[in-house]
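Novice: Letter by letter, the chains look like this.
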Amino acid sequence: MANKNLTTSYKVVKLLKMLIKEPLRMPEILSGLEKEGIFINKETISKYFTTLRRAGCKVQKQRGKYHVQFPILNLNEGETKALASFQMACESLMPKRTSDILYIFLIKLSALTLSENVENYKRIISELRKDENFWTTKLSKKYKKKIELISPYIGENPQKLILTASGKNMTVIPLNFIFNKTSVSILCCNIKTGKNQKILLDKIEEIKHLPEKTSLLDFALSTTFKLTNRLKDAYTLKEGETASLDKNSLIVTNNRQDKEELLNRLLRYGTSCEILYPKNDREKFIKMVENLISKKL
Amino acid sequence: MNETLSPLQISSTGFRIVYLLNLLLLGPVSKEEIIKYFLEKENFKITNEEIKLDIKTLKNAGFLIENLRKSGDFKYKITESPIKIHILKKELKVLKTIRNAILEVENRENIINLYTLFEKISNFIQNEETLNEFMDFGYFLNIDFKLLIELERLTKAHKNVLLLYNSPNSGKKEIEIELKEIKYNNSKLYITGKSPMYKGIAVLRADKILKIIKILKPLNEIFETKNVVFEVLTKDFKLLEEEIILEKTEETTKIRIKSDNDFMTVQRLLAFGEDLVKIYDPVIKAKYKQTLIEILNLYKKEEQSGK
Chain P
8 MANKNLTTSY
18 KVVKLLKMLI
28 KEPLRMPEIL
38 SGLEKEGIFI
48 NKETISKYFT
58 TLRRAGCKVQ
68 KQRGKYHVQF
78 PILNLNEGET
88 KALASFQMAC
98 ESLMPKRTSD
108 ILYIFLIKLS
118 ALTLSENVEN
128 YKRIISELRK
138 DENFWTTKLS
148 KKYKKKIELI
158 SPYIGENPQK
168 LILTASGKNM
178 TVIPLNFIFN
188 KTSVSILCCN
198 IKTGKNQKIL
208 LDKIEEIKHL
218 PEKTSLLDFA
228 LSTTFKLTNR
238 LKDAYTLKEG
248 ETASLDKNSL
258 IVTNNRQDKE
268 ELLNRLLRYG
278 TSCEILYPKN
288 DREKFIKMVE
298 NLISKKL
Chain Y
7 MNETLSPLQI
17 SSTGFRIVYL
27 LNLLLLGPVS
37 KEEIIKYFLE
47 KENFKITNEE
57 IKLDIKTLKN
67 AGFLIENLRK
77 SGDFKYKITE
87 SPIKIHILKK
97 ELKVLKTIRN
107 AILEVENREN
117 IINLYTLFEK
127 ISNFIQNEET
137 LNEFMDFGYF
147 LNIDFKLLIE
157 LERLTKAHKN
167 VLLLYNSPNS
177 GKKEIEIELK
187 EIKYNNSKLY
197 ITGKSPMYKG
207 IAVLRADKIL
217 KIIKILKPLN
227 EIFETKNVVF
237 EVLTKDFKLL
247 EEEIILEKTE
257 ETTKIRIKSD
267 NDFMTVQRLL
277 AFGEDLVKIY
287 DPVIKAKYKQ
297 TLIEILNLYK
307 KEEQSGK
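Listed in order, the protein sequences are those of chains P and Y. Residue 304, in the numbering used here, is where the first sequence stops; the numbers in between run on with no holes. Residue 313, in the numbering used here, is where the second sequence stops; the numbers in between run on with no holes.
Chain P extracted, bound-state conformation (with noise of 0.2 Å):
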């Protein structure tokens, strides 16, 4: 039944909640809004498309059906910058197919975004790729290469290849690339080793697919550590690892770091830093500590 004591202005916001949520077709939306109590016909909703465009939404028909946008996502020069140095990166360093996937966002993120922060990001970003020192144009000219032929091979079910670096060959899965200033690495688990390792892309001189599936039985096996003292409270946790809270300590597992780099990170904790297990990593970070502190140095 009609409700005669809605406003106007009750009725124009919403079609607009509406709208926003999804495209719908003229009847759908004159339906859904006699489902809220409001009866009104099509001129009065184009009435409404009108007075929504004046406010500042964008109303648009694609395939017969009703879409509004709303532009209210303001970003300011810093901001603008921060994203286009973002897609930057990603033209610079990854495959096509990567930036065509952040491209989709941006498409997504441009709908919220006021018109002239668009064009000012339009701006920005042309004079980025002309800019021969930005960082990623340095990096790009060196690695990208490298990094489109290993990227296919990370992701939710990596794949094994063979690397040849420094003459030598490996059979690694490929985990995560690691991007310095100066040069790109790979983060990868040695299959032979069992542990994990960081590569210089440099140091790669060729790159074999095998046709074989990883297993889990593949992957290196993880760190667990124990924290205590202040480092328990004001520990952050690193990408890849999952933690356990008791009373006087802090239990963490790290399966994704190099091994090198988290043996010297854990030294770094001191005493409030003790490695449980495996037995393995726990050993070498003794002989590690023997072997600095008869060092000399």
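Just to be clear, a hint being listed does not mean it is correct.
Unchecked claim - Think about it this way: if two alpha-carbon atoms lie no more than 30 Å apart in a straight line, the pair counts; the simulated DSBU-like pairs of lysine-lysine are:
1) Y:152 to P:239
2) Y:291 to P:302
3) P:151 to Y:241
4) P:215 to Y:102
5) P:24 to Y:306
6) P:28 to Y:90
7) Y:96 to P:149
8) Y:291 to P:65
9) P:68 to Y:95
10) P:151 to Y:178
11) P:210 to P:149
12) P:148 to Y:96
13) P:42 to Y:58
14) Y:99 to P:188
15) P:28 to Y:95
16) P:233 to Y:178
17) Y:99 to P:149
18) Y:90 to P:145
Stated by the list, open to error - Just some of the chain Y residues that point at chain P, by a computed CB distance under 10 Å:
19) 23
20) 43
21) 45
22) 83
23) 85
24) 116
25) 122
26) 142
27) 175
28) 214
29) 237
30) 279
31) 281
32) 285
To be verified - For the chain P half of the interface with chain Y, some residues (derived, Cβ under 10 Å), not all of them:
33) 22
34) 23
35) 94
36) 108
37) 160
38) 274
Don't read these hints as lab results, they were simulated from the structure. Remember, it's a predicted structure, so these values are computed and weren't measured experimentally. Think of the CB as a built atom: it goes at the ideal place given N, C-alpha and C, for glycine as much as any other residue.
Given the coordinates of chain P, assemble chain Y onto it according to the supplied hints.
Specialist: Chain Y alone, transformed into the frame defined by chain P:
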């Protein structure tokens, strides 16, 4: 409204409420700001009563709006935006990869801009799990950026300030500190300076600073820094802001670090693990060795108690 559209073409009350909603979605806004904005941008006079009425209508239409009271200058704020974007799994993966690359490479100012951008976008992300992954900025998490920007400004001027600090050991306390520098070390941001409450240089975690209570009279402390020289195997490593390379051969790299805190310098040296070749400063060398002995004792003690 600038352009004149006849009442047959447009609903003026409809325009008013959608325009008001637009303003609210851009951020918290007060009645005075709304009136000013309508008048300046649209030449449209809106009264206090009309604002109240429209806010009530928006609430009836399902928008969650709160008044921030005195502490928030009586601004109106939309607590949950109805406008959402859905980020696909593959999009999130790309966003995370690029974000992590930028975190490693870009300077602090650009990272802060990227963080505030992501924070704005996060208001429109539908799924909570996606939101958490999207906003995982590691060490930047939990830092109040407005506070950090203010601290950067005060640090450049070496101001003496009173901070409210949430110490991991002793909880909330007030600390007087003459600011020296902000530095990034061990994946965290630190504020350093001279404090009458600490021996030597005080080092505070930036994410634990809750508030700048006030600016105090200068302590006029002279910041003592010493140069510590060490040598490491030549590998792919990241230099800290306070480090410079003195010499580099194919085998080793000689680095000088400007040190104002022995503890942090020792931590830095420990992070090189077995790649550390030489420490030239005898005091730091002794402290470094002592830390290693303490670590070894911890393991030996555990093993003995295990037996």
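Novice: Please verify whether residue 291 of chain Y and residue 302 of chain P have alpha carbons no more than 30 Å apart.
Specialist: OK: residue 291 of chain Y and residue 302 of chain P at ~11 Å, within 30 Å.
Novice: Mind checking the CB of residue 214 of chain Y against every CB in chain P and telling me if the closest is under 10 Å?
Specialist: Interface hint status for residue 214 of chain Y: holds (8 Å vs cutoff 10 Å).
Novice: Given residue 274 of chain P as an interface hint, is its Cβ closer than 10 Å to any Cβ of chain Y?
Specialist: 5 Å, holds
Novice: Measure nothing beyond the straight line between the CA atoms of residue 99 of chain Y and residue 149 of chain P; if it is 30 Å or shorter, mark the hint as holding.
Specialist: 24 Å, holds
Novice: For the pair we were handed, residue 215 of chain P and residue 102 of chain Y, check the Cα-Cα distance against 30 Å.
Specialist: 27 Å, holds
Novice: Can the restraint linking residue 28 of chain P and residue 90 of chain Y be considered satisfied, given a maximum Cα separation of 30 Å?
Specialist: 8 Å, holds
Novice: Given residue 285 of chain Y was flagged as interface, is its beta-carbon under 10 Å from a beta-carbon of chain P?
Specialist: 5 Å, holds
Novice: For the pair supplied as a hint, residue 99 of chain Y and residue 188 of chain P, confirm whether the alpha-carbon distance does not exceed 30 Å.
Specialist: Holds, at roughly 21 Å.
Novice: Close enough to count: is the Cβ of residue 281 of chain Y nearer than 10 Å to one in chain P?
Specialist: Holds - the Cβ of residue 281 of chain Y comes within 10 Å of chain P, reaching about 8 Å at its closest.
Novice: Less than 10 Å between beta-carbons is the criterion; does residue 279 of chain Y satisfy it with respect to chain P?
Specialist: Because about 4 Å separates residue 279 of chain Y from the closest Cβ in chain P, which is inside the 10 Å limit, the hint holds.
Novice: Does residue 95 of chain Y lie within 30 Å of residue 28 of chain P when you go C-alpha to C-alpha?
Specialist: 20 Å, holds
Novice: Next item in the hint list is residue 108 of chain P. Is there a CB on chain Y closer than 10 Å to its CB?
Specialist: Since the shortest Cβ distance to chain Y is 5 Å, the answer is holds.
The structure shown violates the earlier hints numbered 5, 8, 10, 18, 20, 21, 22, 23, 37.
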